[in-house]
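The listed protein sequences correspond, in order, to chains A and B.
Residues in the first sequence are numbered consecutively from 1, following the working numbering.
Residues in the second sequence are numbered consecutively from 1001, following the working numbering.
Some hints here could point you the wrong way.
Taking lysine-lysine and the DSBU-like style, the derived pairs with C-alpha atoms no more than 30 angstroms apart in a straight line are [unchecked claim]:
#, chain 1, residue 1, chain 2, residue 2
1, B, Lys1283, A, Lys161
2, B, Lys1419, B, Lys1283
3, A, Lys283, B, Lys1419
4, A, Lys161, A, Lys419
5, B, Lys1370, A, Lys161
6, B, Lys1277, A, Lys277
Not close to chain B: a few residues of chain A, all C-beta gaps over 12 angstroms, as computed [unchecked claim]:
#, residue
7, Thr72
8, Glu137
9, Glu300
10, Glu385
11, Glu402
12, Val436
The following residues of chain B were derived to be distant from chain A, with all beta-carbon distances above 10 angstroms [to be verified]:
#, residue
13, Val1036
14, Ser1180
15, Met1407
These are calculated hints, taken from the structure and not from any lab test.
Cβ coordinates follow ideal geometry from the N, Cα and C atoms, glycine included.
2 protein chains.
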Amino acid sequence: MTRTTDVTQPLRIALAGLGTVGAGVIRLLESNAELVTARAGRPLQIVAVSARDRSRDRGVDLTPYDWVDDMTEMAARDDVDVVVELVGGSDGPALALARNATGHGKAFVTANKAMIAHHGLELAAAAESAGTSLKFEAAVAGGIPVVKGLREGAAANAIEKIYGILNGTANYILSTMEDSGADFGATLKDAQELGYAEADPTFDIEGVDAAHKLAILAAIAFGSRVNFDAVQCEGISRVRAADIAQADALGYVIRLIGMADVETAQDGARALLQEVKPCLVPKGHPLANVTGATNAVVAEGNFSGRLLFQGAGAGDGPTASAVVADLIDIARGETGAPFSVPSDSLEAVQPAHSGHRIGQAYLRFAVTDKPGVLAEITAAMRDAEVSIESLIQQGRANHGGEVLVAMVTHHGPESGVSKAIELLRDSASLTAPPLVMRILED
Amino acid sequence: MTRTTDVTQPLRIALAGLGTVGAGVIRLLESNAELVTARAGRPLQIVAVSARDRSRDRGVDLTPYDWVDDMTEMAARDDVDVVVELVGGSDGPALALARNATGHGKAFVTANKAMIAHHGLELAAAAESAGTSLKFEAAVAGGIPVVKGLREGAAANAIEKIYGILNGTANYILSTMEDSGADFGATLKDAQELGYAEADPTFDIEGVDAAHKLAILAAIAFGSRVNFDAVQCEGISRVRAADIAQADALGYVIRLIGMADVETAQDGARALLQEVKPCLVPKGHPLANVTGATNAVVAEGNFSGRLLFQGAGAGDGPTASAVVADLIDIARGETGAPFSVPSDSLEAVQPAHSGHRIGQAYLRFAVTDKPGVLAEITAAMRDAEVSIESLIQQGRANHGGEVLVAMVTHHGPESGVSKAIELLRDSASLTAPPLVMRILED
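Whole structure, please, built from the sequences with the hints as guidance.
Below, the structure is given as structure tokens:
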């Protein structure tokens, strides 16, 4: 195959979606025009824009660009080299536009993590067979060049594990709870008022958004087919102020961690574990110091060792930075398989189960304050062969006779912990389902 | 211009230098062969190797490769696409090989920071005019893809500042001093015995190695001509255990920081500040948590905000990871200007002086324990209009009447601190030159 790219003409861009990120892209291309042209080797020129509402004031001047009412039409224009999609939504107009763009042989750049998590394989195959680019740096961890870091920077490595803080809203809430001692509900409400959480925060706090990003990263890291449905996902809404205080006393902070690794299943084939869960992170670990809306991703390569990429995980500026980095790559003529290897060689890896993993866990029980409860819990631990490293029963709280029992286990199989929880499932002593969090190794 | 690359044939490599990194590259290409081929789109095939001593056992099998006695000859071979130089040294055989390779239109990959800091512009120009690649990811911060992160990942941004921990040996010594309370000399000796410091540690502890890396990063970040000679460089050999203890009490750690930014000089032109100096880093700052031989680089972009890249800064595995990442880029047909923009458009930016910068500083005086010394020092501060935020005089130490006076200034011009030091220059009370360290902002 011989790859030929004309890199003297301006790169002509159609921009769909003019929310904060779309306006940010326009602002960036205006204010950094000279250096972007120098680095890209040619001008990046927006020719057409499209959004739902033409009349809205977005703080940027749209008069230099053709306004297009039906965004899917932009993909067919002869004067467009690349379509940038900042509309959002895993399906609908965004997907129609993506299909239309690759179908017309246009390069396609998107910040749409839901769409790539659900339809990335189809779109990559379409881009590859059209000999064009599909790029989505902005879909994962905002302004952090982690897709590039994995796909290119760490390309020489077998990745052993990839994990990180992939959702700024959840991290903002957890680190704010840490600072204030406030409970989840109150902190979420404040975060919503300050604009750090959306009116419907479900995707962020229940880990769905992080799961989209994790599924994308896992495919690049492990050469596996994107498999969002296999991500085991648990959010942060059950984390209490008392858990954070308890973790702190034990030398940990709590973070919502997306984690993926590959192991060998019982049949000898590869199995991919993908999890988004709140975890206890030792205070000396780089991820423990990631506070506020910051994102951070760790990739452990078999030659590179531990690589950390950290920065702003959202926001118009950082996201625009990632979108335009993709455009500069395209302008430079740098293409290649979106998921590092051709999409038809990505492997369908079976999902792994975490039960036989060995590690330490934090367990917290909310129980009725009555005699015998502690004996009941510790008996379940014994019967499940879970060895307890430390246990704290907190004095009576002010919500009516409920007390908390928190413990940290010794290293052992996670299946033991699951069994203990199962044994206690029907206990009349529990006032809420137990909270189990893995302890991240240092 | 139309760029054409044949990406179906194996990429044929000549490898010069078979020390630990060279052997690491061979080991990596052997053990990760399948995934490297899949990601590169074609095999990476070593055809020839060269080193000084053919008989030495390097723990890898060299029989599959042609042995070449005169390494510069490798560049002329028709069966070689890319030359990898892992010999080291800013001039001599490494430079001769680099010139010969680009002269023959071969791509060239190197881990040689000294050579790129001194001759990078010449070599980039030669590679550009030959239409081939010059790549040096491994020259900066070992396995961390920070050259790529800046050149591509952050390419959409005007970089406002770049700074970081660029030397693992110095960071190992400082963080070990932190843990042990031991003094510099003893810690260096231990580090040498453990293999963390070389027999002649000058380049590492006096900041020269970090300055090489900083000069390379600054050129990419600011579009300026590489100017190693303009780096203001100060090492860590004067940092005492007492400074680290004092910094700790004030909420800081001490790190050897390489820092570069661009400001507007008095004549309106751009001026580039490049400094390698020990600094006080607030404990909440990401760089404060970087311990041992780890490296970390922060780039602050005008749209991305603060980006952090962290990982192993040296070692055969991480360095090999970076070398092979460059080879995969070349195999994929991804070329482009080594310093992000064509070398003839890099600007000759004048060096900046730090005198008028505003900030806080830590000053430490070693003085004879006699009446009036404190008055003398504080009078000098007053006369230089330096405002003191806190001051500690430590009780008599056990080296013969010497006591330490440490202080932190309020925000103010660095020129004031320099003036105060100048006023005290001939003081008979000082038993050692004062130590001044900038305090990094959070």
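A quick look at each hint next to the structure:
| no. | hint | in the structure |
| --- | --- | --- |
| 1 | B:Lys1283 - A:Lys161 | holds, 28 angstroms |
| 2 | B:Lys1419 - B:Lys1283 | holds, 29 angstroms |
| 3 | A:Lys283 - B:Lys1419 | violated, 41 angstroms |
| 4 | A:Lys161 - A:Lys419 | holds, 26 angstroms |
| 5 | B:Lys1370 - A:Lys161 | violated, 60 angstroms |
| 6 | B:Lys1277 - A:Lys277 | violated, 41 angstroms |
| 7 | Thr72 | holds, 27 angstroms |
| 8 | Glu137 | violated, 8 angstroms |
| 9 | Glu300 | violated, 10 angstroms |
| 10 | Glu385 | holds, 37 angstroms |
| 11 | Glu402 | holds, 35 angstroms |
| 12 | Val436 | holds, 28 angstroms |
| 13 | Val1036 | violated, 6 angstroms |
| 14 | Ser1180 | holds, 16 angstroms |
| 15 | Met1407 | holds, 28 angstroms |
Of the numbered hints stated above, those contradicted by the structure are hints 3, 5, 6, 8, 9 and 13, listed in ascending order.
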